[in-house]
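Working from the sequences, and respecting the hints, build out all of it.
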Amino acid sequence: MLHLSLKRSKVVFKAKYDIDIRAVTRFTMSDTTPSARNVVDHIDSELEDCSMHLLNLCIGYVLGVKNNSQTNGVWNAACHSWDKVVAIVTPGGYLEEESVDVIQKLRNPNKHFRSPKQRNALKKIQKPLSYPELDPMVDKVVRVAYTCKRIRRSVVNYAAFGSLLSVYERV
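Residue 1 is where the sequence shown starts when you use the working numbering, and the numbers rise one by one after that.
In case anyone wonders, no lab produced these hints; they're calculated from the structure. Don't take every hint at face value.
Heads up, simulated BS3-like pairs for lysine-lysine below, C-alpha to C-alpha not over 25 angstroms straight-line [to be verified]:
1. 111 x 124
2. 111 x 123
3. 127 x 111
4. 127 x 117
Fair warning: this is a prediction, and the values are worked out from it, not measured in the lab.
Now the structure itself:
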């Protein structure tokens, strides 16, 4: 038995666009698992692995900032209860000293341009150079796609960061 809102959404799509949304949808992807599951539930399809999530996990493992852990229940005979034990399934990569420096150098400009004053100065550099006006990103660990997005933005903002910081060095 279909939920009433699902029936209504099918009627609306059919009436407005003359399509069956289930036939049009091929791949479901989202940067948050709950929203991806919500979409999948409404269109009656299988949940695919989120490619952004997988990419983010791969980057995190390689940089050494994430471990793939699994929580298991273990019977504790002394207390007659189940205890939760966290085991590392896939350890993060080994960070050499140079890698730590690269990661920190990527974080530092983003932290520097966090204030509104510095952001405005950055935008003044981005505009005449025809760079996209992307705000720098500070560390957030709650979003799945954050690592990928920060790397992309830092690469795009690199020249603008360099131009503005060279002005400060000359002063």
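Each hint, compared with the structure:
Restraint check: the Cα-Cα separation between residue 111 and residue 124 comes to about 18 angstroms, which is no more than 25 angstroms; the hinted pair holds. About 16 angstroms separates the Cα atoms of residue 111 and residue 123, which keeps this hinted pair within 25 angstroms; it holds. Taken as a hint, the residue 127 and residue 111 pair is honoured in the structure, with Cα atoms around 21 angstroms apart against an allowance of 25 angstroms. Taken as a hint, the residue 127 and residue 117 pair is honoured in the structure, with Cα atoms around 16 angstroms apart against an allowance of 25 angstroms.
Comparing the model with each numbered hint stated earlier shows that all of them hold.
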